[in-house]
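Please model the complete structure; the sequences and the hints are all you need to start from.
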Amino acid sequence: MSASEERIARNEALFREFNERVEDVAGAFDLRDEGDVLRIEFVCECGNLDCLDRIELRREAYEAVRDDARRFVVVPGHEDMDIARVVGRGEGYLVVEKVEEAAEVAIEHDPRS
13 MSASEERIAR
23 NEALFREFNE
33 RVEDVAGAFD
43 LRDEGDVLRI
53 EFVCECGNLD
63 CLDRIELRRE
73 AYEAVRDDAR
83 RFVVVPGHED
93 MDIARVVGRG
103 EGYLVVEKVE
113 EAAEVAIEHD
123 PRS
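Here the sequence shown stands for residues 13 to 125, where the numbers follow the numbering used here.
What the hints contain is simulated information worked out from the structure, not anything from laboratory work. Given the structure is predicted, the values throughout are model-derived calculations rather than measurements. Treat the hints with caution; some may be incorrect.
To be verified - Cβ pair distances, simulated, as ranges:
#: 1; residue 1: Asp79; residue 2: Glu53; range: 14 to 24 Å
#: 2; residue 1: Glu53; residue 2: Val98; range: 20 to 30 Å
#: 3; residue 1: Glu18; residue 2: Arg51; range: 14 to 24 Å
#: 4; residue 1: Ala40; residue 2: Ala76; range: 17 to 27 Å
#: 5; residue 1: Arg71; residue 2: Ser14; range: 14 to 24 Å
#: 6; residue 1: Leu64; residue 2: Asp122; range: 18 to 28 Å
#: 7; residue 1: Asp94; residue 2: Gly39; range: 31 to 41 Å
#: 8; residue 1: Met93; residue 2: Ala40; range: 31 to 41 Å
#: 9; residue 1: Gly100; residue 2: Leu50; range: 14 to 24 Å
#: 10; residue 1: Leu50; residue 2: Ala15; range: 33 to 43 Å
#: 11; residue 1: Arg124; residue 2: Arg70; range: 16 to 26 Å
#: 12; residue 1: Gly39; residue 2: Glu112; range: 31 to 41 Å
C-beta atoms are modelled at their ideal positions from N, C-alpha and C, and glycine is treated no differently.
Next comes the structure, spelled out in structure tokens:
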């Protein structure tokens, strides 16, 4: 993996860490009415440090992505096919899975491990 690809993978891990905190806070202050679905605004987990695009997901959908440390949620068009492959799609987002060395970086920096 090139230095640039490693930097991108670390940036993605940083955004994932931020989203973990967003989810924690949203869960702590769950203000839904009975029967409503909790939707949370996450930031795109692409490797661009200037990207602050928002992705709205149900909490359960985010948890499904987070079940695999190699997976990230990104805005369509922000996927980097040199270090990841698209493994899922939703309304306004893609789920990408890191491959090879980028997968190792993702696992190493997973806040849940």
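Hint check results:
| no. | hint | in the structure |
| --- | --- | --- |
| 1 | Asp79 to Glu53: 14 to 24 Å | holds (21 Å) |
| 2 | Glu53 to Val98: 20 to 30 Å | holds (22 Å) |
| 3 | Glu18 to Arg51: 14 to 24 Å | violated (33 Å) |
| 4 | Ala40 to Ala76: 17 to 27 Å | holds (21 Å) |
| 5 | Arg71 to Ser14: 14 to 24 Å | violated (35 Å) |
| 6 | Leu64 to Asp122: 18 to 28 Å | holds (22 Å) |
| 7 | Asp94 to Gly39: 31 to 41 Å | holds (34 Å) |
| 8 | Met93 to Ala40: 31 to 41 Å | holds (36 Å) |
| 9 | Gly100 to Leu50: 14 to 24 Å | holds (20 Å) |
| 10 | Leu50 to Ala15: 33 to 43 Å | holds (39 Å) |
| 11 | Arg124 to Arg70: 16 to 26 Å | holds (19 Å) |
| 12 | Gly39 to Glu112: 31 to 41 Å | holds (33 Å) |
Going through the hint list in order, the structure does not satisfy hints 3 and 5.
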